[in-house]
Structures are given as structure tokens and as C-alpha cells.
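Asker: Chains A and B supply the protein sequences, listed in that same order.
Here the working numbering runs 2 ahead of the position in the first sequence, where the first position is 1.
Here the working numbering runs 52 ahead of the position in the second sequence, where the first position is 1.
These aren't lab readings, by the way, just hints derived from the structure by calculation.
Where a beta carbon is used, it is the ideal one built from N, C-alpha and C, also for glycine.
Certain hints may be false.
[Claimed, not checked] DEER-style ranges, computed between Cβ atoms:
no.: 1; chain 1: B; residue 1: Ala138; chain 2: A; residue 2: Lys123; range: 34 to 42 Å
no.: 2; chain 1: A; residue 1: Glu131; chain 2: B; residue 2: Val309; range: 52 to 60 Å
no.: 3; chain 1: A; residue 1: Lys195; chain 2: B; residue 2: Ala138; range: 53 to 61 Å
no.: 4; chain 1: B; residue 1: Leu152; chain 2: A; residue 2: Lys212; range: 58 to 66 Å
no.: 5; chain 1: B; residue 1: Met320; chain 2: A; residue 2: Lys123; range: 44 to 52 Å
no.: 6; chain 1: B; residue 1: Ile192; chain 2: A; residue 2: Glu127; range: 33 to 41 Å
no.: 7; chain 1: B; residue 1: Tyr341; chain 2: A; residue 2: Glu141; range: 31 to 39 Å
no.: 8; chain 1: B; residue 1: Ser110; chain 2: A; residue 2: Ala146; range: 19 to 27 Å
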Amino acid sequence: MLELKNIYKTFNPGSVNEKRALNGVNLTLEDGDFVTIIGGNGAGKSTMLNAIAGTWPIDSGSVIIDGMDITKLPEHKRAAYLGRVFQDPMNGTAADMEIEENLAVAKRRGQTRTLRWGITKKEREEYVELLKVLDLGLETRLRAKVGLLSGGQRQALTLLMATLKKPKLLLLDEHTAALDPKTAAKVLEISDKIIAENNLTALMVTHNMKDAIAHGNRLIMMWDGKIILDIKGEEKKNLTVDDLLQQFTIASGKEFANDRALLG
Amino acid sequence: MNIMALFNALPGSVAQGLIWGVMAIGVYITFKILDFADLTVDGSITTGGAVAVMMMLSGQNVYVALIAATVAGMLAGMVTGLFHVALGIPGILAGILTQLGLYSINMRIMGKSNQAISVDNYDLILSLRDIPRAIIISAIFCVALIVFLYWFFGTEMGRGFRATGNNEKMARAQGINTNHMKIIGLMLSNGLVGLAGGLYAQYQGNADVNMGRGAIVIGLAAVIIGGVVFEKVFHNFALRLVGVVGGAILYFVVIAVVLWLGLETTDMKLISSLIVALFLAVPHLKGKYAASHVKRGGGKNA
């Protein structure tokens with residue numbers, strides 16, 4: 003359903019800060035794949051998600067979703083197919099708008115925004131039901147400004163917003179990295195649940211190897227702007243952190259040097 | 053000093069405050085909702101005044117003239133929007149460029165630096181010669197605008213617009229064309245500013261090429277004073293706009309007091325700057341000294 007073909011991206015070309023961030027990325031996802039992405043800092047994990055989302059144009063290659071080439075589409079048009087949750091809880095929601103307004107804005111992702119009233123009574127009832135499932139007590143606070151919520155609440159809300167209109171592909175960009183361990187676990191649990199219930203195709207970047215192993219049906223590891231490992235099926239189920247580290251050393255010829263990933 | 057002189061000046065302050073309230077609502081849209089400091093307004097308010105006066109001098113109906121003034125303001129806003137969005141010019145600079153260019157255009161529209169229009173010969177809807185009427189008419193404009201904007205910002209498009217100003221990254225991720233929203237916002241804002249120019253030119257009986265000098269500061273003063281003075285009372289969006297108009301009235305009352313205290317009209321720009329600086333500083337200083345109240349980032353007080 004998603005195809006990335008030979009994607010290259012270099013930031014600040016020709017300057018001293020030149021950084022080749024994506025170095026020939028190829029990836030094909032099947033419908034319903036839940037892929038965890040792991041790799042050290044600067045490996046290209048978030049860059050790959052941004053290339054899919056269209057945050058900036060890529061240098062070469064193509065992004066294809068369900069047979070449609072979206073490489074040239076601007077970010078807001080690709081949004082019709084994508085649900086996104088960012089690392090920073092502040093990024094996914096509008097702080098000065100109410101919970102129900104954020105949901106209503108997300109509900110209309112991919113639609114023309116008309117001069118009809120922005121929230122209907124019926125959808126408000128729907129939001130209450132959906133918020134109840136999150137079990138964070140938000141269902142009684144529809145009119146509260148999102149800026150009053152905690153980071154974990156905002157991430158859970160963003161997750162709901164990203165999937166309110168079923169996306170073809172859900173992009174989770176280290177969406178639990180800024181949360182405390184307990185909240186992170188809760189948000190991951192909600193993510194699993196939403197992905198399973200809606201049978202979504204998802205890409206989840208994480209710094210945490212254990213999470214990467216425990217979630218999803220497929221794991222890819224990136225290094226130096228390339229995908230160097232792609233593990234799925236039975237092999238993925240039996241994977242351990244030690245296996246991963248070993249495979250990384252074989253694939254890259256280097257020791258895996260990332261304390262955060264090891265400690266997780 | 054005769055206190056009665058001050059009281060006699062106050063109705064005029066209220067009328068001016070209401071007219072500039074229309075303009076300040078325009079500034080609120082860009083400055084507060086879109087988070088865009090738009091300096092186009094110094095030019096577009098004059099354009100509105102110039103277009104309205106020239107249309108009426110050529111025999112057009114006053115309402116047609118006001119609509120034309122609004123459209124002219126919208127076009128000015130569109131130019132700033134395109135400078136910013138299509139050409140990548142930073143927002144403040146885009147506004148300054150349009151404002152500067154508008155000076156020449158305003159001179160072209162008027163043919164000379166000042167065009168008078170007398171309430172005796174033309175059917176103006178308001179004039180400083182009849183202040184009670186000016187107050188009523190401009191208040192009607194303010195109320196109608198607030199009702200319209202309350203509706204607009206509650207629609208799907210309006211909420212998308214607010215999301216754009218609040219968190220552009222989120223807005224794009226939700227499929228909102230943030231570039232279009234910015235252009236629409238600048239057009240809407242400058243349209244109101246042009247309309248205010250058309251009203252103000254009638255009020256003072258002329259359009260002057262310099263009538264917009266420092267307009268942005270008056271608009272900001274109204275928005276900021278309105279915010280600081282009424283923030284505890286007004287939470288609802290429509291009431292916030294009422295607060296902005298209230299801020300504009302307060303601003304002109306302060307000016308009247310300062311004039312009454314014996315300062316010259318030409319001192320007003322300095323006073324205005326200081327008032328705006330003072331009120332802009334209030335939230336900052338509050339935040340600095342109230343260390344117990346720590347607000348997490350990402351939120352702006354709209």
C-alpha cells in the first residue's frame with residue numbers, strides 16, 4: 003500500500019552543514035503492516051516519515067500510496083491519506099482551541115472546509131464516546147482548551163485526531179519519547195488498540211528497542227540514511243535486544259552506539 | 053484646567069474609538085488569531101479612505117463607496133499575503149513593502165495629498181459635526197462585524213483558520229492549506245481596515261495621504277488594551293471582540309485626557325508608542341515576576 007522508491011534527501015547542500023539524511027530508501031508496506039522503526043540519532047528515521055508526509059520536497063525518488071504517486075503533492079494535500087503524531091506533544095494539537103474543536107478540525111482532514119458550522123451535535127456525541135475509550139477523563143471536558151492538558155493527554159488526543167478519519171497510513175514519530183515512562187506505556191497501549199481496532203497500516207519510530215520488538219508485526223532498522231535491517235513474521239516475534247545489536251553490527255560494521263536505545 | 057472641556061471631548065473620543073474599533077478588529081484577526089504582525093494597515097486604511105472619498109466625489113452612493121473601500125483594502129491584504137506566501141518574504145517586511153507601495157497608489161487615487169468631502173454637499177453616513185449620530189452608526193458597524201466574525205470563526209473554514217494561526221504544523225497535518233488561510237486572513241483583516249478608512253474619512257471630512265501613519269499602533273493599542281483590561285471578564289470570542297472595540301474607545305479617551313492635560317496633537321505619536329509599549333510589556337512582566345505560574349509552551353494567549 004505504501005511504496006518508497008529510491009528516496010534521497012540532502013539538507014543544506016553545498017554548505018558546511020551538508021547532511022545526507024536519506025541515502026536511497028526503499029520500502030514496501032502491505033495493508034495492515036504495523037512497522038516499528040529503530041536506529042541511532044541521525045539515522046534518518048524521522049526524515050523518512052517527513053519525506054512521506056511531504057514536510058519538504060525530496061531530492062529524488064518517489065512516494066506511492068495505494069498506487070497513487072504523491073511525491074509532488076504538498077503536505078496539506080497528502081494529509082488526506084495520512085494520520086500523524088509528532089514527538090513533541092505541543093505539535094499535534096492547537097493549544098488555544100477546545101478539545102472538541104481540535105477533534106472537529108481533524109474530523110475534516112482531507113475535506114474542503116466550508117462555511118457550514120464547524121461542529122455538529124451528532125459528532126459531539128461521537129467524540130464523547132471516543133474520549134471515553136481513552137480513559138483519561140477527557141470525555142467531560144470537551145470545551146476545555148487543549149493547552150490545559152498534560153503532555154500524555156495531548157498525545158492521546160493527537161492519536162485520536164490522527165485516526166478519527168481513517169488514514170491510509172498512520173505515522174507515529176517517536177510519539178512517546180517526550181513522556182514519562184508510565185504515560186508513555188499508556189499512550190503506546192492506546193496506539194496498539196487504535197491500530198488493531200481500525201486495522202490500520204502504521205509506521206512507528208521509536209528510540210526504545212524493547213518497544214520496537216514488542217509492538218507491530220515488522221521491524222526495520224535504519225543507519226546512515228538507509229534501511230539496513232527488515233525483520234518480519236516469526237523472526238520478529240522471537241527477536242531479542244541482543245539479536246538486534248548483533249545484527250546491527252553485522253549490517254553496519256559498527257557497534258550500536260546509542261545509550262538511550264540500550265537503556266530503554 | 054476646565055474639567056468640562058474634557059467631558060465635552062469625550063463623546064468625540066467614543067465616536068473615534070468605535071470607528072477605529074472596526075480597524076482594530078481587523079488587526080485582531082491578523083495579530084491575535086493568525087499570529088501575524090501585519091503592517092499593511094498603515095497603507096490600507098488610507099487606501100480605504102481615499103477610495104471612499106473619490107467614489108463619493110464622483111457621485112457614487114456612500115454604501116457603494118464603502119464596499120469599494122473594503123474591496124481595495126482586501127486587495128492590499130492579498131498583495132501582502134502573496135509577498136509572504138508565494139515569494140517567501142518575512143511577514144513584517146511583506147507588510148512594510150505593501151504599505152510603502154500603497155503610498156504611491158493612494159496619491160494616484162487622490163491626485164493630491166488631501167481630498168476634502170463636506171457633509172453639507174454629500175450624503176455622508178457619519179461626520180464629526182453630528183457626534184451622537186456618528187456614535188450610533190459606527191456602533192452598528194461594530195456590532196454587525198462582531199456578529200459576522202463570530203459566525204465565521206465558528207464555521208469549518210473559520211476553525212481551520214484559527215488552527216492555522218495557533219499551530220501551523222498541526223493545521224497542515226490536518227490537511228489545511230495554511231497558505232490560503234493566511235491570504236484569506238490578510239484579505240479579511242485589511243478589508244475591515246479599508247472599511248474603517250472609509251468611515252474615518254467621512255468622520256473627519258477628508259482623506260489624507262498621511263491619515264494612516266501609525267494606524268497599526270492604534271490598532272495594536274486597542275487590541276492589547278482590550279485584552280489586558282477585559283481578559284478577566286471576556287472569555288467568549290464575540291465578547292473578546294467587544295473588548296477590542298472597548299480598547300479602542302479607551303485609547304481615544306486616554307488621548308483626550310492627555311490633550312486636555314496640555315500636550316500637543318503632534319505629541320500623540322509618542323504617547324501612542326509608549327501606551328502600546330506599556331501594555332505589551334504587562335503580560336511579559338507579569339510572567340517574569342509570577343514565577344509560580346508556569347505555563348507550558350505551545351500556548352499563546354489569544
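Asker: Determine for every hint whether it applies to the structure shown.
Answerer: Hints, one by one, checked against the model:
| no. | hint | result |
| --- | --- | --- |
| 1 | Ala138/B <-> Lys123/A: 34 to 42 Å | holds, 40 Å |
| 2 | Glu131/A <-> Val309/B: 52 to 60 Å | holds, 56 Å |
| 3 | Lys195/A <-> Ala138/B: 53 to 61 Å | violated, 43 Å |
| 4 | Leu152/B <-> Lys212/A: 58 to 66 Å | holds, 60 Å |
| 5 | Met320/B <-> Lys123/A: 44 to 52 Å | holds, 51 Å |
| 6 | Ile192/B <-> Glu127/A: 33 to 41 Å | holds, 39 Å |
| 7 | Tyr341/B <-> Glu141/A: 31 to 39 Å | holds, 38 Å |
| 8 | Ser110/B <-> Ala146/A: 19 to 27 Å | violated, 54 Å |
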